Structure formats: structure tokens, C-alpha cells
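S.K.: Sequence:
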Amino acid sequence: VSKPCPVIPRKINATSKPSNIPDPDTQIVPDTDEQCSSSDLSSDELCKLLPLVLERPTFPEIRDVDLAPSLANMEGRLLLVPPEHTRARLQVIGPKLYAATLKAHYRGAAKGLYVAVTIPANLVDKPGFFPTHMLGVRPLDKDGDISEVHFHLVHEFVLVAHCSSFSPFRMTRLPGGERKIRFKERRGKVTHMLPVLWMSMPSTSELPMLLEYLYTRCTNVLYRELVPSFCAEILSEANDPQEACDTIVHHLASSSPGFLIANALRVRGLWRNVCFLGVSDQRLWTVINCAWDNYIGALRYTGTLEYTEVVEFDGDIDSFL
-18 VSKPCPVIPR
-8 KINATSKPSN
2 IPDPDTQIVP
12 DTDEQCSSSD
22 LSSDELCKLL
32 PLVLERPTFP
42 EIRDVDLAPS
52 LANMEGRLLL
62 VPPEHTRARL
72 QVIGPKLYAA
82 TLKAHYRGAA
92 KGLYVAVTIP
102 ANLVDKPGFF
112 PTHMLGVRPL
122 DKDGDISEVH
132 FHLVHEFVLV
142 AHCSSFSPFR
152 MTRLPGGERK
162 IRFKERRGKV
172 THMLPVLWMS
182 MPSTSELPML
192 LEYLYTRCTN
202 VLYRELVPSF
212 CAEILSEAND
222 PQEACDTIVH
232 HLASSSPGFL
242 IANALRVRGL
252 WRNVCFLGVS
262 DQRLWTVINC
272 AWDNYIGALR
282 YTGTLEYTEV
292 VEFDGDIDSF
302 L
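Throughout the sequence shown, residue numbering follows my numbering, covering -18 to 302 in sequence.
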């Protein structure tokens, strides 16, 4: 089980920059739905886009009765299991389930409501290990553009166990509650016909890292997806969280403002998806806060961000998304 990232204090103790700083610009290639450069925005606009704190809304609680139908597909019987137990179990079986989604082969997902998916049999040695749906995901503002669709195989119970706002699965049941999956096994591979679930997300580029976390709950992997590798190394070796924060900020401050902004937007994209789906996992929010404080601290250290006022969160997450 991975050790969660500590919550980094938001106060930055600015001291002299270390002389032997690695080049952070070569560590991450930004890939986000919200590309911009510091020259495109005024200081006030940039501060609104990159607030000092990413607010955490209060989401509805996920109940065992909400999760039971999804677990029935996994276990083959109806069970009332506390969602926290299911999430804990994913740290054991989740990596294998996630591997099954990555090793799958499919064609024609964009052409209809069902798609044939083939996976090596050793990854789906139990019937419930086979994915249940193909997600066809578009950016929120591009619903009609089929070229912008990204496809992801998922297991229904994984998302239902984490996401309080994720209800489309409940609307995809066919009459009689059956999924009508055609099954075929040949030459060490298993093929199922799965339903395609179409949906929109705030930031499609950051969805894969969120899905990986929901399956594995590995905070170290997620943090390394968001920041240059040396940040994770500094954090893992430090005894004092404040000292680690200062060191990371000073290292990142040697990067260009464009690099820092682009990667801060990746963290913001992840945060938008988490809010949109209603994920309240504390370990996940700790990683988001940690990475956000790293980039915002570096941007404040270099003078790129200068907050004159802090906007109070009024509970309306739509205004922030």
C-alpha cells in the first residue's frame, strides 16, 4: 500500500534558490484541455484561473444500496457491502482489473451502442473481472465533435464505489436487467460485447490518471503523474513537510512561467473531473492539494502570481468548474 502524500503547508518560506537544480521543463510534457500562456492573460485573470486554494465541495454519501447492483455483476450475487470496504479491496484486486482495461483490443467503438472487446484470459480468470462498459468521453464544450471522443474501458462497480455524482450507469440497464453480453473464448483470449456509455467530462486529458487512481488508489503514482520526478523524490526523503515544500518550490521556480502554468492546469483539470464525478477520497484530495501547492508556490515565488484578494467559496462548484 502506497504512503499518501502529506498535506503541504500553504505558507512558503522563500530563501535563496539552490544552485544545483535539475531542469524541470524536461520532466513533464503538458497535455491538457486548457492550454494557455502567461502572456495571454492579465495578472487578475491568471489569479482567477489559478486560485490560491482548490476548493473541496461536500458530496453526497455513497450508500451500500447504491453500490449493490454493481457488485452483483462482479460477485454474481446481491451483496450489501459498505463502499469503504469495496474501495479498500481495490488496493488488492484493482491493479489486475486496471491491467485488463489496458490490455484490451477493440474496434468500432465510435460507430454504435456496443463494441466487441477482447482481453487475455489470464487477466479475466474470474467472470466479474471483465470490464462492464466502454466510456466514450467528450469535452463538456464539444458534445457534437466525434473527433474529440476518448474511449476508456471501465468496471461499473469501481466508479460507483468512488463517484457520488456518477449516475449514467443506472440509465444503461437493458430491459430485464441483463446486459446481453455475448461471450467467446479462443486461443487464450476472451471476447465480450460491451455497451458504450457516452458522456462529457470537464477535462478529458486528465481522466486516465484519475481512472488509474480509482482502480489502484496509489498516491505515489498519481503524484508522479502531476509533478516532475524530482518532486516525488524530495517528498519521499523529507522528514519535515514544510522543508520539503520549500525545496520543491525553489526547484520548480527555475522553470519558465509557461511550464508552471501548463502543469498547474493539469492539476486543475484533474480537480475539475474529481468535482464533476463527486469523488471524496481523502488520499486523492491530499495529492491534488500537494501538487497544486507546489506549482502555485513556485508561481508566487517568481512573482507570476500575486493575489490581491481571496475569493470565498460559496458552495456552488459550478462557478469554479
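Keep in mind that a hint or two might mislead.
[Unchecked claim] Below, a list of computed lysine-lysine pairs in the BS3-like style, where the Cα atoms sit at most 27 Å apart: (1) Lys29 with Lys77; (2) Lys107 with Lys84; (3) Lys84 with Lys170.
It should be emphasised that the hints constitute simulated quantities derived from the structure, not laboratory data.
All values reported here derive from a predicted model rather than from experimental measurement.
S.K.: Tell me the hint numbers this structure goes against, listed in increasing order.
M.R.: 1
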